[in-house]
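Peer 1: Below are the chains, spelled out letter by letter.
There are 2 protein chains.
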Amino acid sequence: MKELEGRQRAVIEGVKPEIDGGRFPAKRAIGETVVVEADIFTDGHDELSAVLRYRREEDEAWTEVPMEFLVNDRWRGAFPVTELGFYRYGLLAWVNAFKTWRRDLAKKTEAGQDVAVDLLVGARLISEAAARATGGQAETLKGWAKALGVTSDPQAARVRLALSAEVAAMVDSHPDRRFATAYGKELTVVVDPVRARFSAWYEMFPRSCAPKAGQHGTFKDVEARLSYVASMGFDVLYLPPIHPIGMTYRKGKNNAPSATPADPGSSWGIGSQEGGHKAIHSQLGTLEDFRRLLAKAKEQGLDVALDVAYQCSPDHPYVKEHREWFRIRPDGTVQYAENPPKKYQDIYPLEFENEQWRDLWEELKSVVLYWVEQGVRIFRVDNPHTKPFAFWEWMIGEVRRDHPDVIFLAEAFTRPKVMYRLAKLGFTQSYTYFAWRYSKEDFRQYFTELTQTDVREYFRANLWPNTPDILTETLQHGGRPVFMQRLVLAATLGANYGIYGPAFELCEGRPREAGSEEYLDSEKYEIRQWDLDRPDSLKEFIGRVNRIRRENPALQSDWSLRFHPTDNDQLLCYSKRADDPANVILVIVNLSPFHTHSGWVDLDLDALGLVADQPFQVHDLLTNAHYMWQGSHNYIQLNPHAAPAHIFRVRRRTRTEKDFDYYL
Amino acid sequence: MKELEGRQRAVIEGVKPEIDGGRFPAKRAIGETVVVEADIFTDGHDELSAVLRYRREEDEAWTEVPMEFLVNDRWRGAFPVTELGFYRYGLLAWVNAFKTWRRDLAKKTEAGQDVAVDLLVGARLISEAAARATGGQAETLKGWAKALGVTSDPQAARVRLALSAEVAAMVDSHPDRRFATAYGKELTVVVDPVRARFSAWYEMFPRSCAPKAGQHGTFKDVEARLSYVASMGFDVLYLPPIHPIGMTYRKGKNNAPSATPADPGSSWGIGSQEGGHKAIHSQLGTLEDFRRLLAKAKEQGLDVALDVAYQCSPDHPYVKEHREWFRIRPDGTVQYAENPPKKYQDIYPLEFENEQWRDLWEELKSVVLYWVEQGVRIFRVDNPHTKPFAFWEWMIGEVRRDHPDVIFLAEAFTRPKVMYRLAKLGFTQSYTYFAWRYSKEDFRQYFTELTQTDVREYFRANLWPNTPDILTETLQHGGRPVFMQRLVLAATLGANYGIYGPAFELCEGRPREAGSEEYLDSEKYEIRQWDLDRPDSLKEFIGRVNRIRRENPALQSDWSLRFHPTDNDQLLCYSKRADDPANVILVIVNLSPFHTHSGWVDLDLDALGLVADQPFQVHDLLTNAHYMWQGSHNYIQLNPHAAPAHIFRVRRRTRTEKDFDYYL
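Residue numbers (our numbering), protein chains in the order written: chain A, 1 to 664; chain B, 1 to 664.
Calculated from the structure, these hints are not laboratory results.
Please read all numbers here as calculations on a predicted model, not as lab measurements.
Among these hints, one or two may not hold up.
Identical chains share a label here; the pair holds if one copy fits it or two copies do between them.
[As the list claims (entries may be wrong)] Below, computed lysine to aspartate or glutamate pairings styled on EDC-like, alpha-carbon distance capped at 16 Å:
no., residue 1, residue 2
1, Lys253, Asp263
2, Lys108, Glu513
3, Lys342, Glu110
4, Lys417, Glu37
5, Lys107, Glu338
6, Lys212, Asp533
7, Lys185, Asp20
8, Lys343, Asp104
9, Lys253, Asp153
10, Lys253, Glu13
11, Lys342, Asp104
12, Lys108, Glu441
13, Lys142, Glu540
14, Lys365, Glu398
15, Lys417, Glu13
16, Lys107, Glu398
17, Lys212, Glu321
18, Lys108, Glu338
19, Lys142, Glu526
20, Lys417, Asp39
21, Lys253, Glu526
22, Lys185, Asp567
23, Lys298, Asp359
24, Lys253, Asp604
Chain A extracted, bound-state conformation (with noise of 0.2 Å):
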């Protein structure tokens, strides 16, 4: 009992957001407002006060902010987060005597009673706040309490002295803190940029780009197709990787066990006798034509991402300079990646395990910051979950601690608890299971879970239609309208997204063989050619979209995501919306590519800040058609040969002839 003081009575539990008992940090984007919520509470029928105080990790001083009751005793304060980096935040909350007091004395007064003794009591009260402040204020103070002290003053005027807002407030600037309760942790909040909320993809292999069918693309070539990409509307470029590529191994066309001279290996097969991951691959050019197609991207809006990939071709450098990376073998020979019985001879894990594992950690760091030299700011990480959780958030860590504008993209396709374990340790945005998400009901739960729940805290989905790996079932039986319905459906569910071109916009749907995800002659093993203006390409379709997720806030983050009921199993509805500005978006999207379907939609109207009794206008940002709307009840018909989806813009408010001057 030494240590206690016992006179902390205040409580305060259920503090949101709080990571894993604040083992990780909540993450916001720059510009956004940390809301934080928490019980307190204390015994009795006492009053109380409570502060949010937070400050930003370098600096000492705390700015503190006043919480509000809500109900329940939840309370709820908020601070804005205006720079990179980590923030701080704790809770602090006290029994206010003053605020109790006051309340008492009016119920009093109310009654009829006679207030002789609380008044001294509150002139007692008043009088330590004074002792609490300094120069005028304390004297003020002084003489308020003096005067609720003069008995053959009338009550009532001194009542009214004792309620006055003007007494409240000087009081509660000078608060009795001796017995408050401090939020027993510190909890931590990382600020990213906006674009790690606000983001639209597009992967390209550079070696695809050449004007000529049979050429190596380079770099230059790139340079030329980036009109292409910002048409379309997109700020990040995402590129595989750009590095040597091994001999030993490598793989053919259609993932052949062996390659002819002719083929240009995987660029997931990393290293050769020309370097390893801070190398550039020949063909595609110099570290000079790199940064110089960075800052072209940089002059069209886009970002250029690099795919980090840790692992190595059996050439690369690191398995002769440091064999004790890898797993050697009884025989002598380097363990090879394998899922028994596949073996994967053309590919080397890195041992994590190894003895001189911190030499490792540092060099792998070490190639991070070498592309954030180079101006590189956003990464996609190849398979994060076959590396150790400690090392990413080591590195993310490191890197970031001096580059707080690093995006790191988690491409971690697996169980979802290791998915989220990523993102928690640091990890900026992260891959998810959108591709393989079909039915209403589907899309209602995984969103719902990834929008609603403490989920949204740490994870930041980003959502892919395709991508080199994954041409999903659908892609390739619903030809060009279910690609149009899934790039409304990743664009307008997910403030973050990407496309896997051209094969997307030029509707690539072939697979490698029945029931395989692969696409026939993929990228990964081969130089394509595409026809970028094929007539049948979406790209002014994308085009449209992306424009629309621009100029709406609504569709630019993900908590506000709503799904609205329809009487339809193929038609699903949902809304965003966006508070400052007043923006409102309302999507429905015809989930079967073959046929039209027509149902009712049964709009939640306060999600959508609409009233029951007046009409309101949605516009379709699509096909720029209008439609006029009463109530929550509403008819859609989707043909999705013609257009797979509304994207609404709702306008709640309509004039009528009410809003004529001479009405009336």
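The hints should help you fit chain B onto chain A, whose structure is shown.
Peer 2: Structure of chain B alone, referenced to chain A:
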């Protein structure tokens, strides 16, 4: 990075039970099992092993039990708690190289691959295990390692050895835990007596136990009443405060502001010249009488519970001896209790913010310890939510450190989070909102929250249909049927329940005034004479219900509670089951005390351990009627004037002709 061990690749998170990040212990009763679950995973595809370890708090050595993989990275382990007091538990997980190797060897062998090198890898792993073993096991392991490496022996035979269960078991018993991950916290479970989980309370005013009207009852009179209480099947006899009662501002009948000399005063107006919380009201008897009552009660299987009401009448010795423990007003008077504009001048609350709070805490603890020394083991604590949380946590912790069999019931009728906090910090049982739950949906929601969420880990509900302070509206109007109905609900929804009698069994339903929940002529302010032999007394019905509780383990805990749909809002249906011995109870209650209701129940057969295609028997333990049912859909009709409920024992297997020896 210096202090980091980067090779600890296993992750442990999402541990349950873990109350508020380990801040509070989970609760169990003696003989129960602590089932611990956690998300445990690692990077990549390696196999894991995990153990749960536990120890009594006072022991140093851990006992380990293996954890088993469930699904979706969830693991489970369990340990029994066989002693009162605190247990600690923790988790440990590690990447198991041998298990991984063995799994992969099996896959490769199955695919017909050459595994020559793999066998050498295995030999290395087994000889590493040998180095961790001693004596004969070390020798055996060495032998196996050597055998695996004899390349001249046939591969098939060596594979058979490598994959043998014998090798797996012995290697597993010498695991490589160098890089094991320990969960960051040691967690705690507190083990209480079985009565903490399963108890039937009877509250009774000793002063109303005199054989003749107008007399003040004594402990001896209570002794004479013991067999009556025991015959109804109760096991806790709870007495309102037995201490001297103050004279100043003593309340008269029906809470009249002033008392006549004949009025006995409120039992909660504690303290007079006779003494305070450690004294006995002289009209009840002596300390010796009280101790004899405890002994006599014990003979009847009854524990006597005392009331702990930390408040004072103006005549309490503390007021003179420890004025510093009270709030002194500027006019020199002691602050009485108030809830403005209401004043309770007969009660002085203790001022916990006083400078001498340490002395006050010690004194209050000594009150409980005093009665513990007299043999009391159960305390019902009056209004704990009006005293500081920190005090309770300290006081209960202190008392239970030496007396872990002591039970504290929190009488906190307040907001839910306050009630839950009191439970977390140490109260063994808690009053609930049961008295104010009326509709089917209310019951389902509230009792699902209490029994199927984390709340159950620390909050043990005790259900009271009435108390001296609570005569709910439904009891005022429903007559005998509603008392029967509420008794069945309390006694079967809650393994812990209680009634305030004889008011309850005599169906006392007269309120002091319309709209009030106070009893007319409340025993709080006067001595009552009850005719226990009235023919309409529920004593036999109560006895039957308590006998059913004692004979059916299903009703002795709450965690198995499940609600089953019915097609009539007045029919509430739920079940409980105990695994050992197999015991399933199905309760259906007509929530209307006025009308016969019928309808269909839609049983969750899984929850009952039944199968759809086999008939089963339900045996009404209240009426002794038997019914044969099959499938989930069954018809119910209940006349509240005859029996407001069924309490069915479900017998899963019924004999059919197939059970005869000569059937086919």
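Peer 1: Confirm or reject each hint.
Peer 2: Structure-based check of all given hints:
1. Lys253 - Asp263: within (7 Å within a copy, 101 Å between copies)
2. Lys108 - Glu513: neither (83 Å within a copy, 25 Å between copies)
3. Lys342 - Glu110: So Lys342 and Glu110 pass the 16 Å test across copies only (12 Å; inside, 83 Å).
4. Lys417 - Glu37: Only across copies: Lys417 and Glu37 sit 14 Å apart there, 25 Å inside one copy, limit 16 Å.
5. Lys107 - Glu338: The answer is between: 11 Å across copies meets 16 Å, while 77 Å in one copy does not.
6. Lys212 - Asp533: within (15 Å within a copy, 106 Å between copies)
7. Lys185 - Asp20: Both. Shortest intra-copy (12 Å) and inter-copy (12 Å) distances satisfy the 16 Å Cα cut-off.
8. Lys343 - Asp104: Between copies only: 12 Å across, 78 Å inside.
9. Lys253 - Asp153: Classified as neither; 99 Å inside a copy, 41 Å across copies.
10. Lys253 - Glu13: So Lys253 and Glu13 fail the 16 Å test inside a copy (59 Å) and across (43 Å) alike.
11. Lys342 - Asp104: between (77 Å within a copy, 10 Å between copies)
12. Lys108 - Glu441: Answer is neither: 57 Å inside a copy and 40 Å across each miss the 16 Å cutoff.
13. Lys142 - Glu540: Neither. Shortest intra-copy (73 Å) and inter-copy (70 Å) distances fail the 16 Å Cα cut-off.
14. Lys365 - Glu398: within (8 Å within a copy, 52 Å between copies)
15. Lys417 - Glu13: Close across copies (9 Å), not inside one copy (25 Å); limit 16 Å.
16. Lys107 - Glu398: Neither: 58 Å inside a copy, 40 Å across copies.
17. Lys212 - Glu321: neither (39 Å within a copy, 102 Å between copies)
18. Lys108 - Glu338: between (80 Å within a copy, 10 Å between copies)
19. Lys142 - Glu526: Neither, since 85 Å and 50 Å both go past 16 Å.
20. Lys417 - Asp39: between (28 Å within a copy, 8 Å between copies)
21. Lys253 - Glu526: within (6 Å within a copy, 97 Å between copies)
22. Lys185 - Asp567: neither (48 Å within a copy, 49 Å between copies)
23. Lys298 - Asp359: neither (34 Å within a copy, 71 Å between copies)
24. Lys253 - Asp604: neither (51 Å within a copy, 56 Å between copies)
Hint check: violations occur at hints 2, 9, 10, 12, 13, 16, 17, 19, 22, 23, 24; the rest are consistent with the structure.
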